[in-house]
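Construct the complete structure from the given sequences, taking the supplied hints into account.
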Amino acid sequence: MNSTTHRQIVARQQADETPLVRYLLSLLAMAIIGLFLILPLVAVLVEAFRDGWQAYMTAITDRYTRHAIGLTLFTALICVPLNTLFGVAAAWCIARFDFPGRSLLTTLIDLPFSVSPVIAGLVFILIFGAQGWFDGWFAANGFPILFALPGIVLATMFVTLPFVARELIPLMQQQGAEQEEAAIMLGASPWQMWWTITLPRIKWGLLYGVILCNARAMGEFGAVSVVSGHIRGSTNTLPLHVEILYNEYQFSAAFAVATLLAGLAIVTLIAKSIVEWRQQRQWESASS
Amino acid sequence: MSIHVNQLTKRYGNFTALDDISLSIDDGELVALLGPSGCGKTTLLRSIAGMEFADSGNILLEGRDMTFEPIRHRQVGFVFQHYALFNHMSVFENVAYGLRVRPRAQRPTEAAIRQRVHELLDLVQLEWLAKRFPPQLSGGQRQRIALARALAVEPRYLLLDEPFGALDANVRKELRGWLRRLHEELHVTSLFVTHDQEEAMEVASRIVVMNHGRIEQLGTPAEIYDTPRTPFVSTFIGNVNVFRGCVRNGAFHSGSWRLPLPRTLDTLHLAEQNAYIRPHDIEILRGPAADWEVRIRHVQPMGSRYHLEAIPVTDASAGPGPETESGRIMIELTRQAFKTLALDVGHRVGLRIHHVHWFHGATTLQ
Amino acid sequence: MSHRKTRLPGFGLSLGITVFTLSLLVLIPLSALVTQSAGLSLGGMWHALADRRVLAAFRVSFSTAFAAAFTNVLLGLVVAWVLVRYPLPFKRSLDALIDLPFALPTAVAGIVLTTLYAPNGWLGQFFTDWGIRIAFTPLGIVVALIFIGLPFVVRTVEPVLQELDRQQEEASTSLGASRWQTFHRVLLPPLVPAILTGFSLAFARGLGEYGSVIFIAGNMPMKSEIVPLLIVTKLEQYDYAGATVIALASLVVAFIMLLVVNGLQHWTRKRTGQD
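Chains as they are written, first to last, in our numbering: chain A, 1 to 288; chain B, 289 to 654; chain C, 655 to 929.
Everything hinted at is true.
Computed cross-link-like contacts, DSBU-like style, restricted to lysine-lysine with a CA-CA straight-line distance of at most 35 angstroms:
#, chain 1, residue 1, chain 2, residue 2
1, B, K419, A, K203
2, B, K419, B, K461
3, C, K745, A, K203
4, A, K272, B, K419
5, A, K272, C, K745
6, A, K272, A, K203
7, B, K627, B, K461
No lab work stands behind these hints: they were computed from the structure. None of these values were measured; they are calculated from a predicted model.
What follows is the structure, encoded as structure tokens:
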């Protein structure tokens, strides 16, 4: 070993913590992760099967559970594509053009994140509720918004609005406009530019935003709880169904349904990691 | 395929990027837009390409007003400083892109596209890279692919934004000569932006020198170098000694030094007048008959030429020496002259000035 | 140069979609909050806010959110440090797991934390032996908010920690500093803005959090009732005006807090020359 590298290693070792400190810190971090993240996941599973496999199956195939699953999927099916469209449009105009009010727009996009979900639900009650702007006009005319699907969709869209845009704006700003300009210079139409250049470059970031948006859309509780009215078999999403079962002291049924949502969370985390990894690879190959 | 720019003006807030620019480029020319960063050269190039709107003025391509024409009607090939290659496509697909995105009726057949792409890759001597992806290429290779891609659509105009700006010095040098030969072969009207005067001198048939959004001078490399029209041009292109001083009684005075003026200038009386003298317009003499006297402080052999730095020698009785910007005088000699004179650091020698650039009018009083 | 004005297509369309959606979903609904409370007199608003139960709810929300965010800074720093610097088994999976609180629906978090920390629960029973009750007290709220807020600090500190130049530490050591001196003089200062960001994100989230808290809080008025729950309660009593005033007040207060933290962050960035 030549002496300079040896010296570097010694210097690095001296710049590190003592083995004991490293060991204790690692242990502490593992304890935090174990206590706060892993233990709750294990607890959901154990509690779900407390009354046995049979009870578990009964709980998750129950008529109301099936309806809640359907409603949750349907809500996500409407909200996620709409918010994806919004996110792409917002990212395009904010990351590619300079115009007065641009930073205001960026702030407004982030606003739903800093508003309590309860308040997100409340504002729609103020608009469509009995004492609201429309004074129940929609409901009186056979198209109820509150305590019905449209209200759930509106509240969910509000809380999930920023996800895609927030992911895409910094990504597209960092990528710059040159490749799109090059495509236009070479004669591409706007659609051709979008499909052949923009989309392939942002696809992982877009997917990342969509995954997060979907997880929140399916799992949102506070905002939906305020506008849904908790009508079982009608306006009850999965998270609301968990709450009702729990409040009725049907604990293992509540946890059984909760395993579905916990499963969604795990799938989300795995998908997120895969996308992160692919994005990193794309980024590395682009910058090498 | 001429380009005419008429009174183009462009502002970003308080900053004037282009200030009443007018410019004509003839068919088949290879013109450099030269200037320091922020001088507006890239904005001008992008305006011609159609990627930017000017606030006023217009752009004529081949006599037709194109100011508001969409980009795709301009038939402009554009090469970006950072190549802007599509990283997710192979080299082949990058070059084929411009042909593939044509409306179906005008799109060549697959075989024709294949042939055209291979012709172009052949032209830039990179056919063996067709299946690679841009991130796997070197900077110089990427820039040549970018050029092939721009040429694929058979543009009438080729616009290049700092084409060699991101490359290593030796690759730059190689690509410069290559670009000039390519232009001789293709004869596409070409305009390229650069901040490197050497690059502009070496490649372009004409140079547009820009500063603060204005055109300082337009001319052949020789004209720009030999007869700079403004102090900016003379200092930006090539090395120059600037002597601060004033004009009195038919002579230029800088400190205790005096230089007789040419007859065209001898009636002038200017409180401030700078003399611009190129390092190679100064001859070193041993003995008398010199204009000025200096002591050599530093000798730098530069291959075929020698760069010398000297400081003025002044007698206490004669008062302070001349005022130059660095306090030193740069002199450039051929190897031959240097050897003949047998010069060394510390020698006291005389200077004879062969040529001075004078700038009169408002521009001189900077 | 990414914000040059270009002639890329789609500006009108994309701006149109963005402004339309934002107006419909965010601007109009939030302005409803303002116009509805404008119907009240200032005295009426004051009356609604000065209520003892309302004030108590604000006190509970703020103190628990603050305590949780502060705890998160400590826990988050340790976790981020270990994840970035030390070799760990299953490091990638553990790192991915950090985002669980973002991905797990809050209602699930709420019921499982309650089960864990209830007096007879998995963990709660040990605390009961010591005479400490966690679930159904403000302490339970703090536990739920720690869970919800943990990723914020870890995720804001991690990238900064990764970017830190090891040579600076080596330089500090070579100049004779102890490891602890190196940490708090060389390593900590550049981390401060990220820590503040993580803190403010966790704090803001804590103020508004509903789903994970209501199960574990016990929701006793004056003691463990949080502001979002009070809003829901008012709504269920059809006291829309009351709910609106409390919502508006909490929005304003949260906004001011964020402004203060942003200012503080700006100040530290400037001071440490990271601006």
